[in-house]
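Chemist: Protein chains in written order, with the working numbering: chain V, 1 to 183; chain L, 1 to 183.
To be clear, the hints were calculated from the coordinates, so they are not data collected in a lab.
Wrong hints could be hidden among the right ones.
Claimed, not checked - With a cut-off of at most 20 Å between alpha-carbon atoms, the simulated EDC-like pairs for lysine to aspartate or glutamate come out as follows: (1) K127(L) - E136(V); (2) K127(V) - E136(L); (3) K20(L) - E30(L); (4) K20(V) - E177(V).
Listed below are the residues making up each chain.
2 protein chains.
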Amino acid sequence: MSSRITTFFGGSSGLWRVEKQHTVIGAPIEPVARVAVVPGGASPRECVWGLRGVTSNTRYASGAEVRTLQERQPALDRPEATRAVLIPIRKNAGWWALAQDQRHEIVEARSRHISKGTSYLPAIARKLHHCRDLGEDQPFDFLTWFEFAPADEGAFDELLHFLRSSEEWRFVDREVELRLVRD
Amino acid sequence: MSSRITTFFGGSSGLWRVEKQHTVIGAPIEPVARVAVVPGGASPRECVWGLRGVTSNTRYASGAEVRTLQERQPALDRPEATRAVLIPIRKNAGWWALAQDQRHEIVEARSRHISKGTSYLPAIARKLHHCRDLGEDQPFDFLTWFEFAPADEGAFDELLHFLRSSEEWRFVDREVELRLVRD
Numbered sequence: 001m002s003s004r005i006t007t008f009f010g011g012s013s014g015l016w017r018v019e020k021q022h023t024v025i026g027a028p029i030e031p032v033a034r035v036a037v038v039p040g041g042a043s044p045r046e047c048v049w050g051l052r053g054v055t056s057n058t059r060y061a062s063g064a065e066v067r068t069l070q071e072r073q074p075a076l077d078r079p080e081a082t083r084a085v086l087i088p089i090r091k092n093a094g095w096w097a098l099a100q101d102q103r104h105e106i107v108e109a110r111s112r113h114i115s116k117g118t119s120y121l122p123a124i125a126r127k128l129h130h131c132r133d134l135g136e137d138q139p140f141d142f143l144t145w146f147e148f149a150p151a152d153e154g155a156f157d158e159l160l161h162f163l164r165s166s167e168e169w170r171f172v173d174r175e176v177e178l179r180l181v182r183d
Numbered sequence: 001m002s003s004r005i006t007t008f009f010g011g012s013s014g015l016w017r018v019e020k021q022h023t024v025i026g027a028p029i030e031p032v033a034r035v036a037v038v039p040g041g042a043s044p045r046e047c048v049w050g051l052r053g054v055t056s057n058t059r060y061a062s063g064a065e066v067r068t069l070q071e072r073q074p075a076l077d078r079p080e081a082t083r084a085v086l087i088p089i090r091k092n093a094g095w096w097a098l099a100q101d102q103r104h105e106i107v108e109a110r111s112r113h114i115s116k117g118t119s120y121l122p123a124i125a126r127k128l129h130h131c132r133d134l135g136e137d138q139p140f141d142f143l144t145w146f147e148f149a150p151a152d153e154g155a156f157d158e159l160l161h162f163l164r165s166s167e168e169w170r171f172v173d174r175e176v177e178l179r180l181v182r183d
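Pulled out of the complex, with its shape left as it was, chain V reads as follows (with noise of 0.2 Å):
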């Protein structure tokens, strides 16, 4: 089985190279040159940072939703997606706050998260690590990490500032954005 933990390790090495950093919204995290997307607990490694996360259950997705997923989305690691998008994420308290029915309410019915992130199927693979839980005081809520060929990178910016344009996002309070190239 493989391991639900993954850490980006942002630094001097890894596969994947740095093409663009950039802070939505709060605090920077620090400009690194590579990172490398390494399974399992953090174990001791050069690094400026190391961000860790756990692909857990469902939150929103129903069933339905699920099936449609699992049969279009891509692999991760296609020999073709050589473009990469880290996207750290906080939500505010008054997001955490929410009952489990009033966050899936804004999540799909007001803001189309699941479903317009569907219809970018099977060009964009998309892979969400959950960090809120992990610990104390974590920097970020979530790490979504999506790959693509670059062809489809207009198609990626466009479901971005769908996203970003959404009421879900007026609960993001922390963001940080790395564009990265597999070199």
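Chain V is already provided as a structure; the job is to place chain L on it using the hints.
Modeler: Structure of chain L alone, referenced to chain V:
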């Protein structure tokens, strides 16, 4: 702000004396004489075992259910609540593979977990600690903590019997029960 992490230390010290400890299903944990409930991450401490959990956002309760809970639920540490029960629980892989709506359907529509629990308020205080996303291969998924006055132990037993007979509990593959007395 209070700590989201709590560690339950089993050993020879702590506020709570173990009156009875038994394994409901799955592997047991070491028998202990006392339990200490310590806010924050696990600090080094003489103990036989330490079980860590984190309070998290609600996973199934609706806005209306959360309001009812907030109105009716008692605080922990009531002077009269000299009985406590710690129930560490793990659910099987089949449970975690279900989509959000499927789990919600089982928890509430078919097992009445939330509405039945609410009907025992304000007698029985409850706090749920999540473990599954604290890291890899946690021994349990949840640590549930209950506090009540001695006179309410019969009501607690009734609630516990109801939940263990539910469809939701068919997914429980490890469960231990510790009955505790504050002295």
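Chemist: Holds or violated: are the alpha carbons of K20(L) and E30(L) at most 20 Å from each other?
Modeler: This hinted pair holds, its Cα atoms lying about 13 Å apart.
Chemist: K20(V) and E177(V): Cα distance at most 20 Å?
Modeler: Between K20(V) and E177(V) the Cα gap is close to 8 Å, so the pair holds against 20 Å.
Chemist: Please work out if K127(L) and E136(V) have their alpha carbons no farther apart than 20 Å.
Modeler: It holds: about 17 Å lies between the C-alpha atoms, which stays within 20 Å.
Chemist: Take a quick look at whether K127(V) and E136(L) sit within 20 Å of each other, Cα to Cα.
Modeler: Holds. K127(V) to E136(L) sits at ~17 Å (cutoff 20 Å).
Consistency note: the structure conflicts with none of the earlier hints.
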